[in-house]
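Participant: Each chain, written out:
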Amino acid sequence: MSAVASTVLTLVLFATYLGIGALAHDSHFSLGWALGSTLLVWAGPAQIILISTLGSAATAVQAAIAMKVSAIRLFPMVVSVLPLMKTPKTRRRHLVLATHFIAVTLWVECYRLLPKVPRERRIAFTHGLGCGLVTVCLVATTLGYGLAANLRSLFAAAILLLTPLAFLLSTARNCKEISDVLALVLGLALFPVVSRLHTGVDILISGVTAGTIAYGVHWWRERAGA
Amino acid sequence: MSEFFGSPHALLVLVLAGFLPNEIWRMAGLWFGAGIDEGSEVLVWVRAVATAILAGVIAQILVQPPGALADVPDWLRYGAVAAGFAVFMLTQRSIFAGVVCGEIVLLAGKWWVG
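From first to last, the protein sequence lines stand for chains A and B.
Using the working numbering, read the first sequence as starting at 1 and increasing by one per residue.
Using the working numbering, read the second sequence as starting at 1 and increasing by one per residue.
Everything labelled a hint here was simulated from the structure, so no lab data went into it.
Here are the computed distance ranges between Cβ atoms for each label pair:
| no. | chain 1 | residue 1 | chain 2 | residue 2 | range |
| --- | --- | --- | --- | --- | --- |
| 1 | B | Met89 | A | Thr90 | 36 to 46 Å |
| 2 | A | Arg92 | B | Ala108 | 42 to 52 Å |
| 3 | B | Asp37 | A | Val61 | 34 to 44 Å |
| 4 | A | Thr135 | B | Phe5 | 17 to 27 Å |
| 5 | B | Pro8 | A | Glu120 | 37 to 47 Å |
From the three backbone atoms N, C-alpha and C, an ideal C-beta is built for every residue, glycine too.
Could you put together the complete structure from these sequences and hints?
Facilitator: Written out as C-alpha cells, the structure is:
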C-alpha cells in the first residue's frame with residue numbers, strides 16, 4: 001500500500017480521473033456508468049476515447065472499433081511484464097487479476113518496483129498496487145463527476161495534458177537500454193507521419209515499425225559487440 | 001439504483017465497446033506471455049513495440065488533442081511538453097518536477113494567450 005502512496009503517478013492518475021469523471025458528466029453519462037468504466041476498462045486514454053466517441057453520437061460499433069485498435073497496446077505490455085511476476089509454480093489463473101490491472105501506470109511501476117520485491121510475493125504486490133490505484137481512481141471519478149460544473153476549460157485542458165506528459169516522463173525514466181530509448185523516440189516521431197495515411201490502425205503501424213527498428217538496432221549492436 | 005446506473009442499454013454499450021475490447025487484449029497477453037522466460041530475447045522486441053505504441057498514444061493526444069485540450073494552440077501544447085521534458089532531464093529524471101513544470105507552462109501560456 002505504501003507503494004501506492006509513494007508514487008507521483010498516483011497523483012497524476014487522481015487528476016486524470018477527476019477529468020474523466022467531469023467528461024462523463026458533461027457527456028450525460030450516469031455516475032454508475034462512469035465508475036463502471038473506471039473499474040472495467042481501467043485505461044485512461046481508452047476511457048477518454050470511449051466517452052468522447054459515444055458522447056458525439058457515434059454508434060457503439062464505431063466506438064468498439066476505435067477501442068479495439070487502441071487496446072492492442074495492452075497486449076505487448078502484458079506479455080512483457082508477466083514474466084517478471086511468475087515463479088515456476090505459478091498457474092495462469094493466478095495471473096488473471098494482475099493482468100486486468102495492467103495499464104500504462106502499472107506497467108511502468110512494475111518495471112520500477114517489482115525487482116525490489118521477492119519473486120514469490122510479486123503477484124500479491126501487484127494485486128495490492130492495482131487495488132490501491134483503482135480505489136484512488138474510483139474516488140477521483142466520483143469527485144470529478146461532482147465537480148464537473150465548476151471545472152473551467154483552462155483546468156480541463158491542464159488535466160488532459162497530464163496523460164501525455166506523465167506517460168512520456170515515466171516511460172523515459174524506465175529506459176535502460178538503447179532499444180527502449182529508440183523505441184520511444186521513433187514511436188513519437190513516426191506517429192504523426194503514419195497518421196497522415198488515415199488507416200485507422202495508425203498507432204499499430206507506427207508502434208510495430210518503430211519497435212522493430214529499435215529492436216533491430218539492439219540486435220545489431222549485440223552482434224557487433226560479441 | 002436505476003438513477004445511479006442509468007439505462008441498461010448504456011451499461012451494455014460500456015461492456016461491449018469499453019470492457020471487452022480492452023480485456024480481450026489483456027487476456028491474449030496473459031495466454032501468450034505466461035509461457036515466456038524473463039531473459040528471453042523476444043521480450044526485448046515486445047517491450048520495444050509496447051514502448052513505441054505507447055509513444056504513438058502520446059503523440060496522438062498531442063497531435064489530435066481531445067476535448068478542451070484542442071482549444072490550446074499547437075505550439076503551446078508542444079512547448080509545454082518540451083519544457084516538462086527539459087526540466088525532467090535537468091532534475092535527474094524527476095517526474096514530479098517535469099509534470100509540474102509542463103503544467104505551469106501550459107496554464108501560464110493559456111492565460112497569456114487568453
